[in-house]
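Colleague: Residues per chain are reported as follows:
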Amino acid sequence: MKNRDREKFPNVLNGIPVIDLESQKFLKVWQGPQHPGVTGNISLEVTLSGDEVVDLKTHVGYLHRGFEKLMERRKYLQCFTIVCRICVPEPDTNEYVFAAATEELAGITIPEKAKWLRTLVLEMARLASFLMWIGGQAGALGMGTIAQWTVAQRDYILDLFEELTGARVYHMYMVPGGVRGDIPDGFIEHVEKVMKGVEKVLYDVEIALLNNAIFKMRAKGLGYISKAMVDEYGIVGPNARAAGLARDIRKDSPYLIYDQLDFNVITGTHSDALERTFVRFREMLQCVSLIRQVINKMPRNGAYYTHIPNPLHWKIPAGETYVRAEASRGEYGYYMVSDGTEYPRRVQVRGPSYTHAIAVLEKLAIGTNLADLAGLMVSLHTCPPEIER
Amino acid sequence: MKLKDWIAPFYVWKRAFEKPFTVPKPLKERPGSPRYRGFHQNDLDTCIGCGTCSSICQNHAIDMVPVDGIETHKGDSGLRPRIDYGRCCWCALCVDICPTTSLSMSNEYVWIDTDADVFRFIPGSEKKPWDSFKKGYKREEEYQLVDPRRIEMEMLPPEERVKSFLEMVKGYSREQAQKEADRCIQCGICTATCPAHMDIPGYIKAVRENKIEDGLKLMYETNPMPAMCGRVCTHQCEEDCALAHTGDAISIRWLKRYLADQVELDDYSKAMPVDILSNGKQIAIIGAGPGGLSAAYYLRLLGYEITIYEANDKGGGMTRYGIPEYRLPYDQLDKDIEYILSLGVEIKYNTRVGKDISFQEIHKESDAVLISIGLMLPYKMEIPGEDLPGNISGLEVLDKITRGEKVHFEEKVAVIGGGNVAMDSARTARTFGADVTVLYRRRIEDMPADEEEIIDAQQEKVTFITQAIPLRIEQAEDKRLSFIYGLAEMVDQGEGKRPKPVLIEGKEFSIVVDMVISAIGQGADFSFLPMEYEKLFSRKNQLKIDEFFRTRDSKIFASGDIANQTKDAISAIADGHRAARSIDHFLKNL
Ligand SMILES: Cc1cc2nc3c(=O)[nH]c(=O)nc-3n(C[C@H](O)[C@H](O)[C@H](O)COP(=O)(O)OP(=O)(O)OC[C@H]3O[C@@H](n4cnc5c(N)ncnc54)[C@H](O)[C@@H]3O)c2cc1C
Ligand code: SF4
Ligand code: SF4
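Protein chains in written order, with the numbering used here: chain A, 1 to 389; chain B, 1001 to 1590.
It is possible that part of the hints are untrue.
To be verified - No more than 20 Å apart at the CA atoms, straight line, and that leaves these computed lysine to aspartate or glutamate pairs for DMTMM-like:
hint: 1; chain 1: B; residue 1: 1135; chain 2: A; residue 2: 159
hint: 2; chain 1: B; residue 1: 1138; chain 2: A; residue 2: 51
hint: 3; chain 1: B; residue 1: 1364; chain 2: B; residue 2: 1534
hint: 4; chain 1: B; residue 1: 1461; chain 2: B; residue 2: 1451
hint: 5; chain 1: A; residue 1: 315; chain 2: B; residue 2: 1182
hint: 6; chain 1: B; residue 1: 1127; chain 2: B; residue 2: 1175
hint: 7; chain 1: A; residue 1: 315; chain 2: B; residue 2: 1175
Derived by calculation from the structure, the hints in this document are not laboratory data.
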C-alpha cells in the first residue's frame, strides 16, 4: 500500500476504523448473502472509497442449523446421519472425521476394505468440490461458461455417489464401523468413464482459463498471502500450499490408506488467486490419479463393515480426541468428547472456512477493487455452511 | 503475458458443436440407482410393529399407528410405521435396523401432490406405485446394526451330562451377559407374550448397565421366582423376540438367571427393602407350587396373613418333584422360596388338605382360599397290560428321584409320551445308564416338549420312535415287558390345527424292554373337596373360574396348572399374581 493512498482510508480510533458516511468519502455496499460462486450464505459489508475496498466485515448467521448442539442430544449413530449436512459440496469429510473420531473413542478398528472405500469416496468428494469451486472462480472473474462444464462433470460424480452410496448429495455412507455397502457391479467401469470425462474437461479448462490473458491479469496479485500470514491466521490447504508451504494432512499424518498411494504435495510460490487456481487445478488431476490408484489396488474381497455395539444404546467410554482430514479446502477436523453416555458430550467442527472466510478475507479485501472482491473470496474457497454448524 | 494466452481460449469454441449436457424437454425421468434411498416400502405381513424403526429415527419422522385389517396378536403389536416426509431425511437407518427386514426403500424419488398432508403415509398400507419396485435401498446382508447371533450358552457335554445330576447349563459370565443384553432392541414384543408380562427390556437393560439390584427388583414386580424361571421357563418370549425373525432370539431366560444368580439370598432384603403392614386378613393357599407361592408373595406384600398348606415336605410343587436337578438345582428353588418365606409367609408342610386338615376348616378360618394344587395324577394309557410289574409313571419316577428313593432302571426303558415329563423321565433314565427309547403318537415337530429338551435328549442318545400308538403290554421272558404299538398316519385337521394321528390297522410292532414309563399327561386331584363343593366344577375335574380366577364360591379362587391352558411355571406365577390382585380387590370391596 503506497502512502499516498492512506488518505482514502478511514481514520482509526482505538483500533477501530471510524467510517464517517456523512463525509461522502465512503460508500457502504452489501454483497450477498447469496453469491453465485459460493455454496451457502454469507454477507459482506463493504466500505468503499471510489471502487476500492477500504473496510470489510463478514456477517454470518444465515445458515445456523445448530448441528453441534443437536449432536449432544443424538445417539452416535443418529449423529452419523446429520454430520454430512454440515458441508453441502463436500459432506464426506464430515462423515469420515465423525466416524473416525467415534471409532477411536470406542476402540473400534475398521476392516481394510472399508479404508479403501472411504478413501475412494473422500477423493471423489474432493474432486467434486474442486469442480464446483473452479466454476465459481472463473465465474467470479467473468467467465460463466467454465462453470457449465465443470458443474456438469460434478454431476457425473454425483451419479457415481448415487450408485455407490444410494444418494447424490448426502451420502451417509461412512457409518461408524466401516461403510454401508460394497462396490456395486459395474461401478469401477463407471468410475473410469467419468474420470476420462473429467480429464477431458480439465484439459479444456486449462486452455480456456489457465491460459486466458484476462483471467490471468485479473487473478494475478489478487489476495496475496504471505508465508508469515499462514501460521498467524491458521491458513490451511491449497491456500497455504500456494504460499509455498508443503502442508497436507494426507502426507503429514496419513490416515486410511493414503500412505499406500503415490502422490506429492502440490505447492506454489506466488500465493495469489492465480497461483491458488493453479494449485487446485493440479490437485484435481491428483484426485483423478488417486481415484484410479484406489480402484486398481483396492482389495476385491473381504469385509467392509465390522459390528459396532447395538446403536440404540451404544455408550462410548469417556475420552476426547481430535481427528482431521484433508478436505478440498484444507484441514478439516472434529474435536469430540465422550462422557461415557449414549450421547456425545461435545462435537466441535473445525472447518477451514472459519478463518479463510472471516479473518483472512477481511484482511485481504482491503485495497482490492470491488469488482475483484468476489474473485478474491472464491479464491479462498470459502464454504459458509462449515462456519455455522 | 504470452500470445498464446490471447489465442488459446478460442480453441474451446469447438464445444459449440458438442452435445449439450442439459436434458432437453420434455423432461424424462431417470430411475434412481439400484441402491437409491427413495420412498419407503413396507411388507405389512412381515412387519411385526416392533417400532424399532421409530426408535432409531433421529428426525422423529415415524410414529406407530393402528392399521385397518391388522390385529394385535402374539408377536405382533398390530401397529405399523407411518412416515412423515416433512421430517424424513432418507437416511435409511430405519431400514438398517428393522429386525424383520420388512422395511426397505424403492428407487422412486418423484412424488408430486398439492395436498401437503398426503406426505405422511403408512408404507405398504396406502398403495403407492413404488410398492412393487424391486430396486432401491435394501440392507446388505453383511451390514447389520444388531448382531444377529446370540452368545452361546456353555453346557456340559452330553457325555458328561448322562453321568450325573450336575446342572448342565453353566450360566453367563458378566461379560457374556452384557454382550447378550446389548443385542436387545427394547421393542417389548416379548413383554406382551410373557404370561406374566415381565418387563423384559427393563431387566435386560439392568444387565447391560450392570445395575443388578435394580434388575432383581424389576423382575420381582411380576415374578417372585426368577432363579427357577431363569433356568426352566418355557421362554415363549424368545419365540416372539423380534430378532428371531432374521437371527437368534435374545437369550432372555439366561439373562434372567444371570441377574438372579448375581445376588446372594442374604442380600435380597437390601436390594428390595419392604415394609409390610399387616391388615390382619387371613388367606389360605393350598399347594406350594409356583402358583401358590406367587400368590402368597404378592398378597403378603399387600399385608395379608398367609398360610400355605402343602402335602409334601418341601415347596416348589412340580418344579421340585418333577423337574430333575440337572435342569433346576434344588438350592436355586430353595433360594426363591426362602425369600418369599422371609417376608412372613407360613407354609405348613406335610399337611395334605382333605387328610391332615379338612377343607371346611380352612374355608371357615380364612377370608379367602386359593387352590393351586397342580396336576398330580398321571393319566393312564388305558391299554391292556398297564398294571404288569415294570410299569411306572413318569411323575412317580421323577418324584422318587427327588426324594432320594431308589428306582431300579434296568437295561432297557421305554418312555411313552412327547411332553416335558417324557423328556425328563427319558433323560433321567439315561443318567442311570439305561438304554432309552421314547415312543410318541405324533411327529417330532408336534411334540409339546421344549425343542431344546428334545435336542438335548437326542444328543444324550435317547432313541425316538414317532407315530407310534400304544396297543398293549405283554409279559415277555425274564420278567421283561413287550410293548406292542401300531403305526399312525397323520391326518390333516385343517388350518391352524395339529394333524391327528390315526392308527393304520393291521400293522403291529413290538419292543422288548425292562421298564415302561408312561408320561402322557396328568390331571388334578380334587378328592379333598367335600361333596358340597360339587357346584364349583363345570365338568369332571375342571373348576369353573371367571376372569378374576374366582370360582363359583366367592371366597374360593384358583391358580396354576388347574387354572390355565399353558400349564407351565410362568403361567402359574402369572395366575398367582392375578389371583392375588383379585383376592385383594374382592376383600377390599366386601
Ligand atoms: C416333569 C415335569 C417337568 C416340567 N418342566 C417344566 C419346565 O421345564 N418349565 C416349566 O415352565 N414348567 C415345567 N413343568 C410344569 C410346571 O412344573 C408346572 O406348570 C407348575 O409347577 C405348576 O404350578 P402349580 O402351582 O399349578 O402346581 P404344582 O407345581 O403342581 O404344585 C402343586 C402343589 O400342591 C400340592 N398339593 C396338591 N394337592 C394338595 C392337597 N390336597 N393338600 C396340600 N397340598 C396339595 C402339591 O404337593 C404341590 O406341591 C414341568 C412339569 C413336570 C411334571
Ligand atoms: S422396525 Fe421393521 S418390523 Fe419393526 S415396526 Fe418398523 S418396519 Fe415393522
Ligand atoms: S429414512 Fe431416516 S429419517 Fe426417514 S424415517 Fe427412516 S430413519 Fe427416519
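Colleague: Tell me, in ascending order, the numbers of any earlier hints that this structure violates.
Modeller: Of the numbered hints given earlier, those the structure breaks are 2 and 6, listed in rising order.
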